[in-house]
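Colleague: Quick note, the sequences are listed as chains R and Z, same order. Residue numbering for the first sequence follows the working numbering, starting at 1 and increasing by one per position. Residue numbering for the second sequence follows the working numbering, starting at 1 and increasing by one per position.
Just so you know, the hints here were simulated from the structure itself, not pulled from any lab data. Hints may contain errors.
Simulated crosslink set (DMTMM-like; lysine to aspartate or glutamate; CA at most 25 Å straight-line) [said to hold, decoys possible]:
id, chain 1, residue 1, chain 2, residue 2
1, R, K139, Z, E30
2, Z, K330, R, D82
3, R, K84, Z, E320
4, R, K144, R, D82
5, R, K226, R, E190
6, R, K148, Z, D416
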Amino acid sequence: MTQETMTRVPLVETRDIRVAFGGVHAVDGVSVDLCPGEVVALVGGNGAGKTTLIKTLSGAHRADSGEIYIGGDRAQIDTPRDAKHYAIETIYQTLALAENIDAPANMFLGRELTTRFGTLDDNAMEDAARKVMGRLNPKFRNFKVPVKSLSGGQRQSVAIARAVHFNARILIMDEPTAALGPAETAQVAELIKQLKAEGIGIFLISHDIHDVFDLADRISVMLQGKLVGTVNKTDVTMDEVLAMIIVGKLPGEVTQAELDELRG
Amino acid sequence: MAVTEAPTATAGSTEEQAPRSFAGMLRATEIDTRLLGMLAALAVIWIGFQIWSGGTFLTPRNLWNLSVQTSAVAIMATGMVLVIVSRNIDLSVGSMLAVVGMAMALLQAEILPDWLGFDHPLTWVIALAAGIALGAVLGAFQGFVVAYAGVPSFIVTLGGLLVWRGVAWAMASGRTIAPMDSTFQLLGGGSRGNIGGLWSWVVGLVACAGIVGLLINGRRKRRTFGFAMRPRWAEIAIGAIGCGVVLLAVFYLNRYNLPEQVARERFTAAGKEFPAGGASIPFGLANPVLIAMGVLLVMTFIATRVRFGRYVFAIGGNPEAAELGGIKTKTTIVKAFTLMGVLVAIGAAVQVARLNAAVSGLGTLTELYVIAAAVIGGTSLAGGVGTIPGAILGALVMQSLQSGMVLVGVDAPLQDIAVGVVLVVAVAIDSIYRRRASS
């Protein structure tokens, strides 16, 4: 950890989180933290427990044990509603969109704008959606059609717009560029930098090591449910991070022979 | 983020351009083409039976009867839409109808008279309220088991189908309960249970005012937000056609007059001389039809304008997304089944009032007609898709087929075969249409 981040109170911090499915420890005593304006990448192979870990933060999954601190205070996150209460927004890998309803309805799902009579204010929601989209994806036009008929990139922008609109302080992005082409991926990268500059803390799950090095400040590596370690991007090489991901050894521990083997 | 853009820019451009083709004109009106398709199918059925029956199908009398016969199934089908949209099913509505109908009948024929005397003015209110409460409880109970115990709704309501039928029999040991309270009977239609010609016109005019008001209000709102609006000609056309259809329907149904005997009694009761040349007193819209229209309005409002309706659709589209969006999915499912129960109770009231009796076999196979009406009306059994007006139209299509075949004198087994075939063909056409539309 750098001197700078140590003195600040983290936006969010997990301590010793454990989640087990049956006998399998999907997340086994993981502690990570995130500061304002910081991007922390969560990396690891398939089944390393990244998604399960962030699900405990987004309220999609309850942790069996461990604690979550938001802004230094103990937080209880049992449902997605709780997470939203703490201004934690999540862009899921599956996007979590209801395909049969339109983009504004999806953006406001569970947090609909209503008129003073308590009825749905679809016009206001469409208006808000147009404003957010104007910033994220100005070419987006199809506000009145079911999300089902949108392209992969357009759906992705709906999911991102939803997270951005509600003034998230903590943003969790699970593989946000997995379904996107190069131009769209670049746009998401641009957005991440912009949000970071606004002081939002971002957990970024990604398989793309180049993306990670491009965007993250720190990198937390998981292997088989355990945290291998968290390193500053500037202190390590890509090979050293790969070694953490694959053999689970920290830069100091890994041997030259192992690094050579990884390089093939 | 998107580089590619779908060419359908219906909401994109704000200019009102004159459409160049009929398809373009249709698109400009933003009318659901599937609903139009259903209307066309209904027109084909009506004209077909009109020719086949030698001109008796489209008489005011037959259409009036058709409207009354459609009501109960139409009322329940609106609730079935929400249940099916939420990826559930309710197979118990027929049996539940029997239980609730029996309860309302017992209450007004055997229990309340002991306390209030026969034909007390409050009898019908108490019986109806108790029936609705019972329907809500039964529906909520089934919904609770579905949502919280995680038993598939198919199984829960299949159990309900058997259990409630047995309960309905046990409630009166299989006896027929009759007669109903004289005010309660008005819920079922008949020569007294209607609002007469003048009030039918009033209802028609109010409906027209409503159509115009909704169009103007919608346009005003879209203008404040600066969204694309329908072209002016399309708004006017929709308003004119809507009002025209409503007023034509009232005009036509009002041509069905009371039988001379009943008309004569009316004059005598009013202390007037019956005119020598006879008198034309229209039935006017029947009470069950008015109830169905009210249900149509309320249910459309619930399905499209409040959170609960939106959540039902979201759950049907993607239950996981709904959960992650913070929606209380289990409560929503319980509410949908509760609403179904309430509508079953209203349907039961109409049926019992019309029959002027309750029997334990009441509503047998009704669940299938209700489900068929919803499905013919465009509700997808996969969940997430369906409309309330569609279900009402679906009920009308089903009932038109049945009444038409009775009118023409088709044998009962053949009637079932025809209805079954139409159900499958309608859904097949709809699936093909949907596949085309999505590709």
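Colleague: Flag every earlier hint the structure violates by its number, smallest first.
Modeller: Checked against the structure, the hints that fail are numbers 4, 5 and 6, while the rest are satisfied.
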